[in-house]
Every structure is written in structure tokens, then in C-alpha cells.
Amino acid sequence: MSVYHMNKMKRKILIALLAMILLVPAGLFLPELFHSGDAWGEWSTSTVEKKLGYVPEGMSKEASKWKAPLPDYNNISTENSPVHDYVWYILSGVAGSLLIAGGTYWLYLYYKKNE
Amino acid sequence: MHIPDGYLSPQTYVPFYAVFIVMASTAVKKVKRQLSARIIPFLGMAAAFSFLIMMFNIPIPGGTTGHAVGAAVIALIFGPWIASVAVSVAIIIQAFVFGDGGITALGANCINIAFVMSFTAWGVYKLVAGKSRNYARINIAAFLSGYISLTIAAVLTAVELGIQPLIAASADGTPLYAPYPLKIAIPAMALEHLLLFGIVEGLVTLFVFRYFYANQEDLVYVLK
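As you go down the protein sequences, you meet chains A and B in turn.
Residue numbering for the first sequence follows my numbering, starting at 134 and increasing by one per position.
Residue numbering for the second sequence follows my numbering, starting at 1192 and increasing by one per position.
Bound-form chain A, shown alone (with noise of 0.2 Å):
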């Protein structure tokens, strides 16, 4: 494959990455048009409390030892509305993204060097 190609084709793929970050909104607000509520098997202990009446012993020490910096895509600290948790969404798209494209980088210029 030409360079020419692959440059023009990695140009666009990342377009498409973009308009992705800018839509993942959607993500959230399809879910709560159709009153949808969590994955199945990936419920807070406390929505399991409320389906079993309990929360099993060993969930209930395990579930939340690790503190998750943006848990749920999300921003705790601010109020609850939907603009706030669309805006945080988004910003955790471009995050986890940010994270990706640095250790690519990393591991381009680490391949560079050995070529």
C-alpha cells in the first residue's frame, strides 16, 4: 500500500474517531428515552439490594474497593442533571481516547527507534 493511501485513510479514520467522541451522548440519552436501565450482570450494590432483598456477603466486600477516577463516565462531584453527565461523557471519551493515542505514541516512537 502506498504511504500516500494509508496517511489519506488514517486521516479519515480519525475523522470518524471525532464525530464518534462528538455522539457518544447517544450512549446515554437512547437509554433513558426508552427508561432502559443497567447491563444485565453489572449492577450497583445497591440497585441489587433492590432486585434480591440482600446484598450477597462477598459483593458487598468487593464491589467498591477500587475508586475509579471518572466512575461511570462521570463526574461525581457535580450536580446530577443530563447536560452535566452528556458534558462528562464526552470528556471521558476524549480521555480514554488522550490515553490510547499516548501509548501508541509511545510504543511509534519505541518501534522507530528499533527499525
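To be clear, the hints were calculated from the coordinates, so they are not data collected in a lab.
Any given hint might turn out to be false.
In silico DSS-like links for lysine-lysine, alpha-carbon gap of 25 Å or less [unchecked claim]: (1) 246/A - 183/A; (2) 1415/B - 246/A; (3) 246/A - 1221/B.
Residues of chain B clear of chain A, computed beta-carbon distances all greater than 12 Å [stated by the list, open to error]: (4) 1209; (5) 1214; (6) 1221; (7) 1223; (8) 1229; (9) 1231; (10) 1307; (11) 1314; (12) 1318; (13) 1323; (14) 1326; (15) 1327; (16) 1353; (17) 1399.
These numbers were taken from a predicted model, which means no experiment stands behind them.
Virtual Cβ for every residue (Gly too), placed ideally from N, Cα, C.
With chain A held as given, fit chain B onto it using these hints.
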């Protein structure tokens, strides 16, 4: 499909971590041979694509939500080893930064969603289309690879969750971890993926695959 912390007992997640470490180190060795500085940006884009597509939650009206993973089409274009690594990277970031999927369950989640799904997708494509260039056949193969691989990954997840009441219960039989037995977990996960989420993964696989087929055929792994 991202199992949270507290759903799997240690007797489940420890072996899955062991399998994951073996598979991941094999994958890194395989990928190293396949990589070049020119291909690396595609690896990053694949991981970002998977990470982002998993943010698009698809609702079942009044029911649960689910999402596509993107692992199938990455496996078709770059091969199952690269897909396993790219999707694992997305899952690791989801777990540590966003609390989506557990840290203890990380091995199981990477095996289910990255490795099993990528290899199933590649296997289904090869089974249906082989080396064929028949237009209808490769399109059907691409759709089915996404549809079947996501469903298989979901059913595997359901099995891991469904065996918990059997292997980890207190003396009086109360579940200590994931509470629902196999006969509830498997139908719930299988049906929603067969009827909706699998179809979405199939369509995503088909459309992205067709784009690469039309524009950069020489790059596509399953056509080599």
C-alpha cells in the same frame, strides 16, 4: 458484559487472571512480529474505536442496555491477536479510569470480550467465507462474525456469572457473589444479544469491513 468487582468469586477470577496473563504474553509476542511503525497508528485507532463504540449504550425499551464491542471487525482487518490486544487495552482503561468492569474481574473480562470474541469472529469468517471473494459470501461472513462472536462472549460471561451460586455460597446456600443461577443468566444474556446487540455488532462489522474492503483491500487480514 463487563463483570464488575464482587460478582466473581476468587476461585473464578484467579484462574481467569492466570489464563489472561498467559494469553496476553503470547499475544504481545505474536503482535510484535506483525507490527511495524506504519501499522502502530492503526493499532491505536482500533483500541480507540473499540473504547468509543462501547460507550454507545443501546437500550432494550423498558429493559437492559448493551453495546457493540468492535472486536469482530478489528479481528477481520488486523487479525485476532492484534484485536485481542487492542480490545484488552480498551477494557483495562475502562476498568481503572471509569470503573466499568472490575479490577478483580479484569482477567475474565479481557478473556471474554477481547480474546474469545476476536478469535470467534475470525473463526466464523473463515468458516463461512474461507478465501472466497464472492461478494455475497464475504458480506454474510462479516455480519455473522460480529453477530456470533458477541453472542458467544455474552454467553461465556453468563456462564461465569451463573456458576457463582454453585461454587460460592454460605452454609445456608445464600450466594456470596453473583446471585443468579445458570438457568437465569444464560437465557437473559443469550436472548438480548441474539435479538439486538449481536445484530448491531454484526452491522458494525459489516459496514466497517466493507469500507476497508473497498478502500484498502491489501490491508485486510482475512483476505490475505
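In terms of Cβ atoms, is chain A entirely out of 12 Å range of residue 1327/B? With a cut-off of 12 Å, residue 1327/B remains clear of chain A, as the shortest Cβ separation is near 26 Å.
Does residue 1223/B clear chain A by more than 12 Å, comparing its Cβ with all Cβ atoms of that chain? At about 9 Å from chain A, residue 1223/B fails to clear the 12 Å cut-off, so the statement is violated.
Checking the smallest CB distance to chain A, is residue 1318/B really beyond 12 Å? holds (28 Å)
Please check whether the beta-carbon of residue 1353/B is more than 12 Å away from every beta-carbon in chain A. The claim is violated: residue 1353/B sits with its nearest Cβ about 9 Å from chain A, within 12 Å.
Would you say residue 1221/B is clear of chain A, with no C-beta pair closer than or equal to 12 Å? Since the minimum Cβ distance to chain A is about 15 Å, residue 1221/B lies beyond 12 Å and the statement holds.
With a cut-off of 25 Å on the C-alpha distance, tell me whether residue 1415/B and residue 246/A pass. Measuring from Cα to Cα gives roughly 29 Å; hence the hint is violated.
Can we confirm that no CB of chain A comes within 12 Å of the CB of residue 1323/B? Per Cβ check, residue 1323/B is outside 12 Å of chain A; nearest 22 Å; holds.
Please work out if residue 246/A and residue 1221/B have their alpha carbons no farther apart than 25 Å. The hint holds at about 20 Å.
Taking the shortest Cβ-to-Cβ distance between residue 1214/B and chain A, state whether it exceeds 12 Å. With a cut-off of 12 Å, residue 1214/B remains clear of chain A, as the shortest Cβ separation is near 20 Å.
Would the non-interface assignment of residue 1307/B survive a Cβ cutoff of 12 Å against chain A? At roughly 16 Å from the nearest Cβ of chain A, residue 1307/B sits farther out than 12 Å, so the non-interface label holds.
Find the nearest Cβ of chain A to the Cβ of residue 1231/B and say whether that gap is larger than 12 Å. Violated, because the least Cβ-Cβ distance between residue 1231/B and chain A comes to about 5 Å, which does not exceed 12 Å.
Is the claim that residue 1229/B lies outside the interface with chain A correct, judged by CB distances over 12 Å? violated (7 Å)
Violation of the numbered hints given earlier is confined to hints 1, 2, 7, 8, 9, 16, 17; the remaining hints are satisfied by the structure.
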